[in-house]
Amino acid sequence: MAGRKNQKRLGKLVVNVSLFIIILLWTIPTVGIFVSSFRNRDDIATSGWWNIFPYRDWQAVKKDIDPNTLGQDVNGVMTIEGATGTFEQFRAGIQTPNGERVTWIGNKRIGTVEVQKQVWTVDWNFTLDNYKQVLGGQTFKFTKPDGSVETVPGDNMTRAFLNSLSVAIPSTLIPILIAAFAAYAFAWMKFPGRRWMFILVVALLVVPLQIALVPILRDYNKLHLNGTFLAIWLAHTGFGLALATYLLYNYISTLPRDILESAFIDGASHFTVFTRLVLPLSMPALASFAIFQFLWVWNDYLVALIFLGGNPEFELVTQRMAAIVGSRGSEWHLLTAGAFVSMLLPLLVFFSLQRFFVRGLLAGSVKG
Amino acid sequence: MDVTNAVKDKDQSLLIRIISLIGRLVVAVGIPLIAFYVLYLGFIFLRDSKAPRLIITLVAIVWGVGGVALLYWIFNWLVERLPDAWKTRLLPFVFVGPAMAILAWYLAIPTLRTFWISLYTNTGPPEGLNMFQQLASSAFVGLDNYKAVFTDSLMQQALRNNLMWIVFGSTASVIFGLLIAVLADRSSYENLAKSLIFLPMAISFVGASVIWNFIYEYRPEGQPQIGLLNAIVTGFGGTPQAFPQWVAIAPWNNLFLIVIVVWLQAGFSMVLFSAALKGIPEELMEAGRIDGATEIQIFFRIMVPYIRGTIISVWTTIVIFTLKIFDVVWVMTGGQFGTHVIATQFYRQSFTNRNSGFGSAIAIVLLIAVIPVMIYNLRQFREQEAF
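Residue numbers (this note's numbering), protein chains in the order written: chain A, 411 to 778; chain B, 1018 to 1404.
Be a bit skeptical, because a hint or two may be false.
Stated by the list, open to error - Pairs of lysine to any residue residues, derived as SDA-like cross-links and limited to a Cα-Cα distance of at most 20 Å, are as follows:
#: 1; chain 1: A; residue 1: Lys422; chain 2: B; residue 2: Ser1291
#: 2; chain 1: A; residue 1: Lys422; chain 2: B; residue 2: Glu1303
#: 3; chain 1: A; residue 1: Lys542; chain 2: A; residue 2: Asn450
#: 4; chain 1: A; residue 1: Lys422; chain 2: B; residue 2: Pro1100
#: 5; chain 1: A; residue 1: Lys600; chain 2: B; residue 2: Pro1100
#: 6; chain 1: A; residue 1: Lys600; chain 2: B; residue 2: Thr1105
#: 7; chain 1: B; residue 1: Lys1104; chain 2: A; residue 2: Ile490
#: 8; chain 1: B; residue 1: Lys1164; chain 2: B; residue 2: Val1199
#: 9; chain 1: A; residue 1: Lys600; chain 2: A; residue 2: Lys542
Think of the hints as simulated: they come from the structure by calculation, not from any bench.
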């Protein structure tokens, strides 16, 4: 019996440890970006972000030894500070028996020699400058380590962030409102064509939005709607509406019949029943879909690229990020900070509304 | 109430009745006109204003959301002023009309139009002609674009890559999701584990591309590697590579892009599997254990068959998703280095090359590929009453 108990405990240990390893693998990419976004821009460019953990590094204990004064032949074998070797070997660093390293710094003619010792160090030069530059407007003043000031172009993420809000909030609420009205009509009103219209809604669930992009762009060009907020709101409404109507119908049609009927008997109009009863009762469904749609729009790149693409004034966060990747793909101090700015709101939603979040995303899996 | 009102109405003189009728008409026409005018002013403001961005944002939200609510309120108000017979006839269409109009404009009609455009050369059907003249025009090429979809060399590359995405991407997402769900179910920190695995679902594809670009960051040999993967590779004595751009191993460099989507989607499949696993009756597994089955046997002989339905529907959902994959490829490689997929080809043909005939044909092929999987999914979704 004791053996079996031990086996169980061992099994649990194996489960916990292997799960821990998977979680580590899953979180390291995000942690790397997060840590880097606070690192100095020179540090990011020259060393890995894992240097924030203690590591063994060579540090000079004796500096600026001039090999020329030692009277050694630079082209032959030299002996400096107890290490013997050629110039090339010194360049790579020669270990001495007492654990130190002798390294040649600089070129053959005017270089110096250093004696280095291995010590534990960490790179903890954290800064908020990256965020300031990414969020800043047209220009940003950057103070270099040597004290000189360099003016670099800012990235105006603030504008993109506000633009994304202006796009995402209406693009979430408008389809919900329109879909809720339609779902209510499908569930509680009688009218000719009801069945066919509902079948159309379900059929349109399967249509991928790529189908609509070319024709809608042509319409927008004719109506001069291209590059306006209205254009992209309507596009997101159109692409999200079939799913919203379908999901909200599933929910609204299961609301208890007697509550609504007693309201009608009291003389309430459909509009009143809808706004005073059905909307409040459907809150869980509305919230779940709202979170799905909000994240979808916030994280969308394709629709924004096509309908807002020509107007830099209205650039969204995803477009801004993609633009930085394209034009300054190696400036990681900007990319890491920018990526975190773009994730801020979704992560906030994720942590505060996790229950609705999961439900909304699961429901969104049937989006065409 | 109604009776006394009717009596009062009779008492009123004809003049007052005419004035009130005119008044009603003016109100009925005037209120919508004013509303539309206000909405139009808002539109112009948002398009042209140089006001501070924060004010524009606030106006946009209030105008956009309030405007739609206002329109419903006005139409409802108008219809409620009608005689009862008309009211019951028209009111449902006030409720359902806007949704159907938008769906028609944005999805139903575009599907037909895209199909129509796909039958023509790069400029699409010539404008100003009727349907039959368009068919007779020289721009009409029949099914040539569809032939090109399957013969064009870049398209063939895209189809092959999409197949890789489906095979490796969705399968790996399902396997990892299932593995994590099973482990989390037996671990001592289930909720924390699930949250951390699900977290990437909140991140945009563009954001995820940045995250993974940082992992793949490449520095020439000899310089310190700041990308994690290359640091590990050089740490073991290997040569650093720009992995997604590594043409020498094409098409396998696609796997470095597919990993990103597995990382994003495993959380989704984990949540669904986790719920399904909790639905397996405990007696069933206990019976297996008493019969001497090992945990691995229980997993393959009891758990997997029990949640087979969920496994298939998760897999199909991710298949649809990978069929339409765009952002990751577009941001990471732009489709170069042999990484094009159907959606990036669609974008390139439709908007970069301005060959809307070819682009539309690709979109239609995408639709046809998605339909059977979607139908299956919807059926599952209804059976499970997931929402």
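Query raised in the report: Is the Cα-Cα distance between Lys600/A and Thr1105/B 20 Å or less?
Result: Since the Cα atoms of Lys600/A and Thr1105/B sit roughly 9 Å apart, the hinted pair holds (cutoff 20 Å).
Query raised in the report: Are Lys422/A and Pro1100/B close enough, with their CA atoms no more than 20 Å apart?
Result: Given that 20 Å is the threshold and the Cα spacing comes to 72 Å, the pair is violated.
Query - Distance restraint between Lys422/A and Ser1291/B, which requires alpha-carbon spacing of 20 Å or less - result: Distance ~18 Å between Lys422/A and Ser1291/B Cα, so the pair holds.
Query raised in the report: Do the alpha carbons of Lys422/A and Glu1303/B lie within 20 Å of each other, as the hint requires?
Result: 17 Å, holds
Query raised in the report: Within 20 Å, alpha carbon to alpha carbon, are Lys1104/B and Ile490/A?
Result: Roughly 102 Å separates the two Cα atoms, so the pair is violated.
Query raised in the report: Is the straight-line distance between the alpha-carbon of Lys542/A and that of Asn450/A 20 Å or less?
Result: 12 Å, holds
Query - Pair hint outcome, Lys600/A versus Lys542/A [Cα-Cα no greater than 20 Å] - result: Given that 20 Å is the threshold and the Cα spacing comes to 58 Å, the pair is violated.
Query - Proposed proximity, Pro1100/B with Lys600/A (alpha carbon, max 20 Å) - result: 18 Å, holds
Requested in this report: Take a quick look at whether Lys1164/B and Val1199/B sit within 20 Å of each other, Cα to Cα.
Outcome: 46 Å, violated
Against the hints set out earlier in the document, violations occur for numbers 4, 7, 8, 9.
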